[in-house]
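The sequence shown lines up with residues 1 to 104 when you count with our numbering.
What the hints contain is simulated information worked out from the structure, not anything from laboratory work. Among the clues, some could well be false.
Heads up, simulated DSSO-like pairs for lysine-lysine below, C-alpha to C-alpha not over 27 Å straight-line [said to hold, decoys possible]: (1) Lys97 with Lys33; (2) Lys79 with Lys33; (3) Lys79 with Lys102.
Here are the computed distance ranges between Cβ atoms for each label pair [claimed, not checked]: (4) Asp48 with Trp28: 14 to 24 Å; (5) Gln9 with Glu98: 31 to 41 Å; (6) Asp94 with Gln9: 32 to 42 Å; (7) Pro92 with Gln9: 24 to 34 Å; (8) Pro31 with Glu59: 16 to 26 Å; (9) Gly81 with Asn5: 14 to 24 Å; (10) Pro31 with Lys97: 12 to 22 Å; (11) Asp48 with Met70: 24 to 34 Å.
All C-beta atoms in this analysis are idealised placements derived from N, C-alpha and C, irrespective of residue type, glycine included.
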Amino acid sequence: MAIVNATDQTFNEEVSEGTVLVDFWATWCGPCKMIAPVLEELDSEMGDDVKIVKLDVDENQETAQKFGVMSIPTLILFKNGEQVDQAHGYQPKDALKEFVTKNA
Numbered sequence: 001m002a003i004v005n006a007t008d009q010t011f012n013e014e015v016s017e018g019t020v021l022v023d024f025w026a027t028w029c030g031p032c033k034m035i036a037p038v039l040e041e042l043d044s045e046m047g048d049d050v051k052i053v054k055l056d057v058d059e060n061q062e063t064a065q066k067f068g069v070m071s072i073p074t075l076i077l078f079k080n081g082e083q084v085d086q087a088h089g090y091q092p093k094d095a096l097k098e099f100v101t102k103n104a
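Please construct the entire structure, taking both the sequences and the accompanying hints into account.
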């Protein structure tokens with residue numbers, strides 16, 4: 001499954017079904033740029049089990065504020081629309097896999 005770019009308007013629909021990992025990020029954020037290829041790898045390996053959604057916090061401040069995102073990257077895991085876990089900062093692929101599978 002391809003990584004989806006969400007907006008304030010599409011966010012609820014994107015996280016409403018299944019397991020969804022949301023990357024709250026910004027274009028100017030160095031660690032966000034570092035984690036992007038890791039998310040691509042994770043998507044290619046786990047795309048059938050988890051949907052990956054990216055939300056630019058500069059362009060979608062309403063959703064970022066709703067979830068209390070104070071630093072980026074912030075990764076929030078949703079299951080059927082409900083937040084189940086949260087992580088902050090750069091995460092290596094193995095840590096992200098563990099983060100997703102322990103909550104699946």
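Could you check the hint for me, namely that Asp48 and Met70 are 24 to 34 Å apart, CB to CB? holds, 32 Å
Holds or violated: 12 to 22 Å for the Cβ distance of Pro31 and Lys97? holds, 18 Å
Does the hinted range 16 to 26 Å hold for Pro31 and Glu59 at CB? Distance hint for Pro31, Glu59 holds at roughly 18 Å.
Is Lys79 within 27 Å of Lys33, Cα to Cα? holds, 25 Å
Glu98 and Gln9 - C-beta distance against the hinted 31 to 41 Å: holds, 32 Å
24 to 34 Å as the expected CB spacing between Gln9 and Pro92, which holds or is violated: Holds, at about 32 Å.
Assessment of proposed distance window 14 to 24 Å (beta carbons of Asp48, Trp28): The hint (14 to 24 Å, Cβ to Cβ) is violated, given that Asp48 and Trp28 are roughly 33 Å apart.
Given the hint that Lys97 pairs with Lys33, does the C-alpha gap stay at or below 27 Å? holds, 19 Å
Indicate whether the distance between the beta carbons of Gly81 and Asn5 respects the range 14 to 24 Å. Distance hint for Gly81, Asn5 holds at roughly 19 Å.
Just to be careful, I want the Cα atoms of Lys79 and Lys102 compared with a cutoff of 27 Å; is the pair within it? holds, 12 Å
Return holds or violated for the Cβ distance of Asp94 and Gln9 against the range 32 to 42 Å. holds, 34 Å
In the structure shown, a violation is registered for the earlier hint numbered 4 alone.
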